[in-house]
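Chemist: Here's the letter readout for the chains.
Protein chains: 2
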Amino acid sequence: MSAAFADRLIEAVRAKATPLCAGVDPFADKIPALFGDLRADPAAVLLKFGTSIVDVAAKHAAVLKPQLGLFEQFGEMGYAAARMLCEYAVSAGMIVILDAKRGDIGTTAEGYARATLGAKPGFNADCVTVNPYMGKDTLAPFIALAKQSGKGVAVLVRTSNPGAGDFQDLQVGGAPVWRRVAEMLAPEVAELTGASGWSGLMAVAGATYPEEARTLREAMPRALFLVPGYGAQGASAADAVAGFIAGPQGLEGGVVNSSRGITYPQAAQEARTMSDWRAAIDAAMTAAASELRAACAR
Amino acid sequence: MSAAFADRLIEAVRAKATPLCAGVDPFADKIPALFGDLRADPAAVLLKFGTSIVDVAAKHAAVLKPQLGLFEQFGEMGYAAARMLCEYAVSAGMIVILDAKRGDIGTTAEGYARATLGAKPGFNADCVTVNPYMGKDTLAPFIALAKQSGKGVAVLVRTSNPGAGDFQDLQVGGAPVWRRVAEMLAPEVAELTGASGWSGLMAVAGATYPEEARTLREAMPRALFLVPGYGAQGASAADAVAGFIAGPQGLEGGVVNSSRGITYPQAAQEARTMSDWRAAIDAAMTAAASELRAACAR
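So the sequences go chain by chain: A and B.
Residues 10 to 307 (our numbering) are what the first sequence spells out, left to right.
Residues 10 to 307 (our numbering) are what the second sequence spells out, left to right.
Okay, chain A solo, but in the shape it has when bound (with noise of 0.2 Å):
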């Protein structure tokens, strides 16, 4: 067995210092003109697109996340493209976090994790972001296959969409649905558990709801987290953190993820020259970084 996901992963966020982690979100209406005629070659250009990103991401963050329906929307060239971005990103010395949101039983479940965290034709993916709704049955193949290879599994339990609260909030004897979720993983957390004492069992922790971060806290002590909406979708750095605790290094236990402000920075949509486009992303990287080790810093 290799080296448990939680370890790796911490240790590399330690490494870094800051616990940044680079979305990339193909938009076709905002993915720069320098990178070529999406239209006429998607593939390469979302390979192009995505791999310049690793280039300057894999200097501020540990991880990368893959937002693997805006790949779809370009068909099987975009999966594809998706998939080589992944390699390209392990090679790179990056961890993958594919935000695939897959969820189904049995047999199709097992098919989805060997499609997201096998050996190719799988993504070969780090960690992958499931779906709870089906029942803990759907979880199972994800988490078997991560812990024989090593690897994580990041299910939805408080998201940070507007209307997360829909059914995530609904009342169940006091608590609400996603605390219940939150509580009933605890067998799972503790499966994945490495020696540095976090899980691979993340949990997605909405940063919008920065008082609900520091309930899942206490309902999932180990569970490192995957904090979405941090940035371009309103949560301060500090918000973005509220979920993590005291470590060796400062507040840890998770990863911040940021994708349109790191990657589609006002001055990278500008740019002429990849020269330049690459100092733009370069540049807001290195602010996103340092707001959030500062955050972690407190």
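Worth double-checking, as some hints may not be accurate.
[What the hints assert, rightly or not] Below, a list of computed lysine-lysine pairs in the BS3-like style, where the Cα atoms sit at most 27 Å apart: (1) A:Lys-129 x A:Lys-57; (2) B:Lys-129 x A:Lys-57; (3) B:Lys-129 x A:Lys-39; (4) B:Lys-129 x A:Lys-129; (5) A:Lys-129 x B:Lys-39; (6) A:Lys-129 x B:Lys-57; (7) A:Lys-145 x B:Lys-39; (8) B:Lys-145 x A:Lys-39; (9) B:Lys-145 x A:Lys-145.
Derived from the structure by calculation, the hints contain no laboratory data.
Fit chain B to the supplied structure of chain A, relying on the hints for placement.
Modeler: What follows is chain B alone, placed relative to chain A:
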């Protein structure tokens, strides 16, 4: 705007006089060697297996339901084969419900909606299964695209797997979560209701829980049901149509999926020629279609 999906679906089911939906679940260890070497050329084998099922299923069932996760385990080649299979099924006159169980927010949800319901490079499916856990805003892009293009959205409400109850059964003020989900979907059901009175906002309603299918019908009187769990998963034909109501030709109100029972019957697994294989699945589909026809004639 094209004809409403619900109207197309109910008309096709009435024409076939059976609610049978043919599931295509490509299990690596079950596809007969007759179709070629799956490891050597997954795309060709998957496509031949799927289209061969369509050639027979088009006679017996109005609807084809490819299980995307089992295609994705073969990487981008599997993903491409699933898309081409959808194209083939539509050209053979079948309605395609793509079982993708996607669920994400905002722009990513838009990406998944285009990927599944959108025209090439999308799957151009007639309907797609969607997971509601992240909230109603995750459904909005699917519903908008469905409404605009005469398509449908099948929302996971009450699934049929052993762990379905873990989160779906949590009690919210005297009713389970799945019932609250059903009730909260009323505006979306109304939005996709066609001239037939049925809505293309389908509800996934597990056949292994017939009592609950009746309760779900009360909560969602106009939603067409996508019923999994019939056949190999253990539910009888009578259980499978428990949520159906009286229509012009007998009970109606959705489709009932069978995958393993009609695509991997013992005789098909033992077939030595394509002609024997076709005869075996033709017999299994004839039996399933008749059994469901009889259950609807009660």
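Chemist: Now tell me if each hint is right for this structure.
Modeler: Checked hints:
For the hint linking Lys-129 (chain A) to Lys-57 (chain A), the alpha-carbon distance of about 20 Å falls within 27 Å, and the restraint holds. About 22 Å separates the Cα atoms of Lys-129 (chain B) and Lys-57 (chain A), which keeps this hinted pair within 27 Å; it holds. Taking the CA atoms of Lys-129 (chain B) and Lys-39 (chain A), the gap is near 21 Å; set against the 27 Å cutoff, the hint holds. Taken as a hint, the Lys-129 (chain B) and Lys-129 (chain A) pair is honoured in the structure, with Cα atoms around 26 Å apart against an allowance of 27 Å.
Distance hint between Lys-129 (chain A) and Lys-39 (chain B) is fulfilled; the C-alpha atoms sit about 21 Å from each other, no more than 27 Å. Proposed proximity of Lys-129 (chain A) and Lys-57 (chain B) is supported: the alpha carbons are some 22 Å apart, at most 27 Å. Restraint check for Lys-145 (chain A) and Lys-39 (chain B): the C-alpha separation of about 26 Å stays at or below 27 Å, so the hint holds. Between Lys-145 (chain B) and Lys-39 (chain A) the CA atoms are separated by roughly 26 Å; this keeps the pair inside 27 Å, and the hint holds.
Proposed proximity of Lys-145 (chain B) and Lys-145 (chain A) is supported: the alpha carbons are some 22 Å apart, at most 27 Å.
In this structure, every one of the numbered hints holds.
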